[in-house]
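Student: The chain contents come next:
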Amino acid sequence: MPETPSKPAPAAGAPPAPAEVHFTVNGHTLAAAPGTLLIEACRAANIEIPSFCYYPKLSLQAACRMCLVEVEKIPKLQTACTTVVAEGMVVHTETPTVQAARKSAIEFILTNHPLDCPVCDAGGECELQDMTFRYGAAVSRFDEPKRHRDEQQWSPVVYYDRPRCILCYRCVRVCGEGMDVWALGVGNRGILSTILPNHQDHLECEECGMCIDICPVGALTSGAYRYQTRPWEMQHVGAICAFCGDGCKTTLGVRNGVILRGDNRDKNGINGDFLCVKGRYGTDFTRHPERLKSPLVRDASGELRPVSWAYALETITDRWRGIQAAHGQFGVIGSTRCTNEESYQLQKLARRVLGTNHVDHHRSADFPALFDALAQPAGAAARPLPQLADSGALKTAKAVLLVGGDPTQEHPLLAWNLRWAHRLAGASLYVLNRRDIRLRRQARRMALLTHGTEADAVRYLAAPQRGDPPQAELTAVSPPGDKRWPQTPPSTPQPIPGGLEEFRAELAQERDVIIVFGPELTGDAVQALVRFGASLPGHTRYIAMADNANSRGAADMGLYPDLLPGYLPVSDGAARAHFAAAWGGDIPAAPGWNQRQMVEAVDRRELDALYVVGANPFRLDPVNAATLKSCFLVVQDLFLTETAQAADVVLPALSLYEKSGTVTNTCGEVQSQRRGGSFEGAKTDLEIIHALARMLGADFGRPDADRVFSEIRAQVKGYAVSLVQLMAGRGALAVPLNSAVPHQAAPQMIRPNHDSLFTAGTLGRYSATLNAVMEKHSRP
Amino acid sequence: MSVFSPATRDRFERLAASYPQPRSALVPMLLYAQDELGYLPPEAIAEIAALLGETELGVREVIGYYSMLRTAPAGRYHVQVCTNISCMLRGGEEILAHCQRRLGIHNRQTTPDGMFSIEEVECIGACAWAPALQVNYDFHQELDPAKVDEILEKYRRQG
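If you read the protein sequences in the order shown, they are chains A and B.
Numbers 2 to 781, taken from our numbering, label the letters of the first sequence in order.
Numbers 34 to 192, taken from our numbering, label the letters of the second sequence in order.
These aren't lab readings, by the way, just hints derived from the structure by calculation.
None of the values given here were measured: they were computed from a predicted structure.
Hints may contain errors.
Selected chain B positions facing chain A (Cβ under 10 Å, derived; list incomplete) [what the hints assert, rightly or not]: (1) G86; (2) E94; (3) D171.
Listed below are several chain B residues computed to face chain A (Cβ distance under 10 Å; list not exhaustive) [to be verified]: (4) T88; (5) G91; (6) I96; (7) G97; (8) S100; (9) M101.
Cβ coordinates follow ideal geometry from the N, Cα and C atoms, glycine included.
Model the full structure from these sequences, guided by the hints.
Tutor: Here it is, written out as structure tokens:
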């Protein structure tokens, strides 16, 4: 591979440039920061320079020769992708020489490229096709037969069609530099060059599909999508990924209401270029044959029997009215995958209509503890706001402390951003973990705990004078930004002497640290972490990692037995009065039961009705089937989960991809989406909740997500976010910081799933593609 | 367990430590490994990759680039016949055809007894004495078919 010049530092985070460089392109005088690549400077000025191998933020390749331009006083054409702008440089991009060079480059690339566009998956969204139309020659001087090779299947989701490959090496670079997986390489040389998978005839990797997304032609295609449709037959709908808590945008390819693929076609979400295996391939759960298509009601013989919507809703409200009349107990368990609007209306239904505070959801991060800690005065000086970081802030961070968790497996976007910060911004990553997680490879320092927990270690960091430090082994990698060998993996972490004391001392030298923490930290450990963070110089910000697409939203919207929306305590009269006025009805004052307490109440026959929306609580808290008979159970879900199997009434719900609304990712970025796919027979959770409320005599208005979101913006602390930002498809950070959050500390209720890249609770079980990849079965 | 002799393993460890970038030692290590083992089996690739902190794929990329590195065994005597321009002008192609006839194998094949293999190679730097061939590291030049027969017979006798 050619040795490439080092890449200029990204503009963001770099010190202000001393001066601008002035140069001329096609007679226009342009200015750019020193070190800017000519191709970038031209693109910024709307002067198109075609290229295949150049890809922003990856190492330079200069392999395709498509970006050749004329630079005065240099006799030969120059590759704009590796030329750095210089003072007084005069460039021409549209001369006959340049046009002829582009024609030749395309003619050369097409030497062995088959002209099978009509059957190629990339046809219609192929960069080579577009460039040939725009810049190519209509005829080729090559009349030799094209070299044909058979297509190879490298994994259930990755196919390689060798003759189509134009050897731009984008896939090799994104897999190595971007993903730090290094599963693709280049074999042979010259005309025989080919892309190689890491296990000779197949791939063992993260199956993220970034190589497919980045391929400018149809050489790499997706096994989950190939040959199903043509790109122009689909609608492309930007949706928020329904899986982990990072909130990536996935562009759904929808034909006749059916979601055929997810990909990163627009690259304009908070995730930029990135998408993982779930966001790309996991959408197929929406097409699973076992999806519920009709409401089910348990009949006299004990069987669940399909019924009409009207009958099912009547059955529910009749029973609920009876229980209300008898002053029975209601419990409501919400979802970490529903929209904010649905979670908000669900807890409103519980509190205002059913008159109960027995409301909960499956918790995987201690958000109340974090917001409580952040609200407390830590010392004399007020801390700068906001104290929460969005996911993009990681890319430009100077220093990041990662405590617990394994972002590579559980939060792929955060891991991508951390690798980005290491590679392009020279960020110092500090990792504190019991496990040897993969991000150690980017960690300036990792403290691998050999005894004790992350919580113990954080308590030590906050108060080092108390007791002996938990034992840890330190490792280090050489400083990031060694650009001499941009195409090689980061250096192997080396053990260094020292323990947590040294780790702490080095952290204390860093400014403006972003602290990212996993579910290992709950309650007082979160408080200790914030005390430690407050002792660091500069502006410390936090990200708490929670499992699912709207785990954070469920928490923010008040799916807690003791907290109203915006983390206002239900025991606080003023907070209750605020929401009672907004909702037109009283709210019970006593905090309710959490999820486990509700299941225990079922066992004691004290819970008369349980309404479960998009959750599977009986998997975590098994229920006694005998005592469950005295509890009227309504479950609303996509599939007949363990909980739904025990229900008296099951309502088929639409998935996150099939509804409009907002979701909040684990950092707090609120994003809005429009419905993508559709599914006959099911309704959105919002429609169902509104219908139930109406039948019980409470008018929640039209089940329109925008209307509900207006109410959320007005009522929920932190949610008065910019609508312009939402409509532009960007994340708007919600910062629901109050004064202290008095809450019932329940660390035992923080129960993370520890999903891998290939598992995702119920949705993962019903995704054929996620179950097909070998790595799901070969890794613990 | 190393697939290499202790001396070679020692040499590799020294090589890996003698460059600012350990991967700089890769090509010499591959050549030494091939000299010792006759080719580069998967175990050797894995061991070298581990020594240098490279991926096996990264090592295979380099092997694929260099035509003198091989991942399948060659004959005990690897007959490399030059057919580049000087040798070609002075009968290199006939020498190659003669070797193939005499040994009963084609280019890039090995005799059934594993004694000989043939490879047509680019310039071996013996233009002044063309046509030339190379058997393992030994040069033989100013060839004609009779001389080639003698040379092959000599190696066959050596066994």
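Student: Now look at each hint and say whether the structure bears it out.
Tutor: For each hint, the structure was consulted:
1. G86: holds, 5 Å
2. E94: Since chain A brings a Cβ to about 4 Å from B/E94, closer than 10 Å, the hint holds.
3. D171: Constraint on B/D171 not satisfied, violated at 27 Å.
4. T88: Constraint on B/T88 satisfied, holds at 5 Å.
5. G91: At about 6 Å, which falls below the 10 Å cut-off, the nearest Cβ of chain A leaves the hint on B/G91 intact, so it holds.
6. I96: This hint holds: B/I96 lies near chain A, its Cβ roughly 9 Å from the closest one there, short of 10 Å.
7. G97: At 4 Å from the nearest chain A Cβ, B/G97 passes the 10 Å test, so the hint holds.
8. S100: holds, 8 Å
9. M101: This interface hint is violated because 13 Å lies over the 10 Å limit.
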